[in-house]
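Work out the full structure, taking the sequences as your base and the hints as a guide.
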Amino acid sequence: MELLRYKSDIYGQRIVEGVSWDLLWIALAAGLAFIVLHALYTQRKLRQPQNDE
Amino acid sequence: MSEASHGRTGRVLRHRLADRVFHWAMAVCMLVLLGTGFLPVLGARFAWVDPHWIAGVALAVLVLFHIVRALFVLRPAEMRVRWQEFRGSVRTTTREVLGAARQRKNIGKYSVGQKLFHHAVALVVLTAIATGVVMMIGIDGPFWERNPFLISEKSRGMVFVLHGAAGLLSITMIMVHVYFAVRPEKRYMTRSMLRGWITRDEYAQHHDPELWSE
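Taken in order, these protein sequences are the chains called E and P.
The first sequence lines up with residues 1 to 53 when you count with the numbering used here.
The second sequence lines up with residues 1 to 214 when you count with the numbering used here.
Just so you know, these hints were derived from the structure itself, not from any lab.
A virtual CB, placed ideally from N, CA and C, is assigned to each residue, including glycine.
One should not assume that every hint holds.
[Stated by the list, open to error] Here are some chain E residues pointing at chain P (derived, C-beta under 8 Å): (1) G12; (2) D22; (3) A27; (4) A30; (5) G31; (6) L32; (7) I35; (8) L37; (9) K45.
[Stated by the list, open to error] Here are the simulated lysine to aspartate or glutamate pairs, EDC-like style, with alpha carbons at most 20 Å apart: (10) K105(P) - E210(P); (11) K105(P) - D140(P); (12) K7(E) - D22(E); (13) K109(P) - D19(P); (14) K154(P) - D19(P); (15) K186(P) - E78(P); (16) K109(P) - D208(P); (17) K7(E) - E153(P); (18) K109(P) - E17(E); (19) K45(E) - E96(P); (20) K154(P) - E17(E); (21) K154(P) - D9(E); (22) K45(E) - E185(P); (23) K109(P) - E202(P); (24) K109(P) - D201(P); (25) K105(P) - D208(P); (26) K109(P) - E185(P).
[To be verified] Over the 12 Å line for every Cβ pair with chain E, so calculated as not near, a few chain P residues: (27) R20; (28) F46; (29) A58; (30) A70; (31) L71; (32) V97; (33) A130; (34) I137; (35) E153; (36) K154; (37) A165; (38) G167; (39) Y179; (40) T199.
Set out below in structure tokens:
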């Protein structure tokens with residue numbers, strides 16, 4: 001998987017065109033992973049007693 | 001009566017109408033921008049350029065409005081992450097993750113996490129707006145003619161990288177933002193973004209009057 005997209009300029013040189021669109025799935029997966037992990041963690045924590053400060 | 005208090009109703013004002021309108025207008029702009037930015041990547045074929053830049057200009061105006069309000073009407077100090085507060089929050093969270101019992105700690109108007117999230121969103125959105133303005137110069141618009149020679153091809157590539165990265169980060173951040181907005185313990189905050197207020201009980205239960213004065 002590449003991080004960037006490339007294209008050739010008028011001189012035939014390889015130049016950066018933008019971010020790789022493969023990262024779209026990484027962005028979605030990162031959001032989903034955070035949500036699932038946080039939900040599991042919070043569920044586990046809510047079962048434990050709480051200390052008032 | 002103080003800024004946050006709705007003395008007679010037993011409610012505490014959390015977000016004024018102007019700030020709520022800003023929030024939801026920004027949400028609409030972000031959804032239009034992400035839809036017009038990424039649906040074509042996924043294969044949808046439609047004329048996305050005009051709605052994209054129009055939503056981008058609307059977002060820029062909204063952000064400018066918010067910056068002016070934040071500096072001259074709202075209390076910027078409520079958004080500042082103090083070092084001691086940050087250290088305490090990291091320490092408490094680390095202990096809890098490592099198995100210690102939950103600590104109930106009342107927050108100011110916003111938690112450290114909310115403030116850091118706001119600053120991350122600010123950085124990402126301002127990057128998207130700044131790079132978007134440069135990209136707009138490369139297309140014809142109703143009030144300007146395109147100038148494809150303003151920056152070099154290499155520089156344009158970097159502008160596209162930053163704009164794309166800001167868009168991708170926005171997707172992750174919106175997912176996390178919506179997740180927290182619908183969590184049961186945060187729903188009173190979501191309601192306050194719709195109706196403006198939280199109850200006095202919610203204020204007493206979750207907030208520290210020394211950090212968020214009524």
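For each hint, the structure was consulted:
1. Because the beta carbon of G12(E) sits about 12 Å from the nearest beta carbon in chain P, more than 8 Å, this interface hint is broken.
2. Given the 8 Å rule on beta carbons, the hint for D22(E) is violated: about 10 Å separates it from the nearest Cβ of chain P.
3. Using the Cβ-Cβ criterion of 8 Å, the hint placing A27(E) at the interface with chain P is satisfied: the shortest such distance is roughly 4 Å.
4. Satisfaction of the interface hint for A30(E) is found here, the shortest Cβ-Cβ separation to chain P being roughly 5 Å, below the 8 Å cut-off.
5. At about 3 Å, the closest approach between the beta carbon of G31(E) and any beta carbon in chain P falls short of 8 Å, and the interface hint on this residue holds.
6. Using the Cβ-Cβ criterion of 8 Å, the hint placing L32(E) at the interface with chain P is satisfied: the shortest such distance is roughly 7 Å.
7. About 5 Å separates the beta-carbon of I35(E) from the nearest beta-carbon of chain P, less than 8 Å, and the hint is met.
8. Checking L37(E) against chain P by beta carbon gives a least distance of about 11 Å; that is not within 8 Å, so the hint is violated.
9. Hint on K45(E) holds. Least Cβ distance to chain P is approximately 6 Å, under the 8 Å limit.
10. Taken as a hint, the K105(P) and E210(P) pair is honoured in the structure, with Cα atoms around 13 Å apart against an allowance of 20 Å.
11. A C-alpha spacing of about 54 Å is found between K105(P) and D140(P), which places the hinted pair above 20 Å, so the restraint is violated.
12. Note on K7(E) and D22(E): the hinted pairing holds, with a Cα-Cα distance of about 16 Å set against a maximum of 20 Å.
13. A hinted pair counts as satisfied when its Cα atoms are at most 20 Å apart, and K109(P) with D19(P) qualifies at roughly 14 Å.
14. Restraint check for K154(P) and D19(P): not satisfied, since their Cα atoms lie roughly 39 Å apart, outside the 20 Å limit.
15. For the suggested pair K186(P) and E78(P), the alpha carbons sit about 18 Å apart, so the restraint of at most 20 Å is met.
16. The hinted pair formed by K109(P) and D208(P) meets the criterion: a straight-line CA distance of about 8 Å does not exceed 20 Å.
17. Straight-line distance between C-alpha atoms of K7(E) and E153(P) comes to about 10 Å, which keeps the hinted pair within the 20 Å bound.
18. Among the hinted pairs, K109(P) with E17(E) is inconsistent with the structure: their alpha-carbon atoms are about 42 Å apart, more than 20 Å.
19. Distance restraint check for K45(E) and E96(P): the Cα-Cα separation of roughly 8 Å lies within the 20 Å cut-off, and the hinted pair is therefore satisfied.
20. Restraint check: the Cα-Cα separation between K154(P) and E17(E) comes to about 8 Å, which is no more than 20 Å; the hinted pair holds.
21. A distance of roughly 9 Å separates the Cα atoms of K154(P) and D9(E); the hinted pair therefore holds under the 20 Å criterion.
22. At roughly 13 Å between alpha-carbon atoms, K45(E) and E185(P) fall within 20 Å of each other, so this suggested pair holds.
23. Between K109(P) and E202(P) the CA atoms are separated by roughly 12 Å; this keeps the pair inside 20 Å, and the hint holds.
24. Restraint check for K109(P) and D201(P): satisfied, since their Cα atoms lie roughly 15 Å apart, inside the 20 Å limit.
25. Taking the CA atoms of K105(P) and D208(P), the gap is about 8 Å. The hint holds against a cut of 20 Å.
26. In summary, the hint linking K109(P) to E185(P) is supported, as the alpha carbons are separated by about 15 Å, within the 20 Å threshold.
27. Residue placement check: R20(P) keeps its beta carbon more than 12 Å from all beta carbons of chain E (closest about 25 Å).
28. No Cβ of chain E comes within 12 Å of the Cβ of F46(P); the nearest lies about 17 Å off, and the non-interface call holds.
29. Non-interface status of A58(P) relative to chain E is upheld: no Cβ of that chain comes within 12 Å, the nearest being about 23 Å off.
30. For A70(P), the requirement that its beta carbon stay farther than 12 Å from each beta carbon of chain E is met, with the minimum near 26 Å.
31. Against the 12 Å criterion, L71(P) stays outside the reach of chain E, whose nearest CB is about 31 Å from its own CB.
32. The non-interface label for V97(P) is inconsistent with chain E: the shortest C-beta to C-beta separation is roughly 7 Å, within 12 Å.
33. Separation of A130(P) from chain E is adequate, the least Cβ-Cβ distance of about 16 Å exceeding the 12 Å criterion.
34. I137(P), annotated as away from the interface, keeps every beta carbon of chain E farther than 12 Å; the closest lies near 17 Å.
35. With a minimum CB-CB distance of about 5 Å to chain E, E153(P) fails to clear the 12 Å threshold, and the non-interface call is violated.
36. The claim that K154(P) is not at the interface with chain E is violated, since a C-beta of that chain comes within 12 Å of its own (minimum 6 Å).
37. The beta carbon of A165(P) is not kept farther than 12 Å from every beta carbon of chain E, the shortest such distance being approximately 5 Å.
38. At roughly 8 Å, the least C-beta separation between G167(P) and chain E is not larger than 12 Å, which violates its mark as non-interface.
39. With a minimum CB-CB distance of about 5 Å to chain E, Y179(P) fails to clear the 12 Å threshold, and the non-interface call is violated.
40. Against chain E, the non-interface label of T199(P) holds: every CB pair exceeds 12 Å, the least being about 20 Å.
Violated hints for the displayed structure, listed by number in ascending order: 1, 2, 8, 11, 14, 18, 32, 35, 36, 37, 38 and 39.
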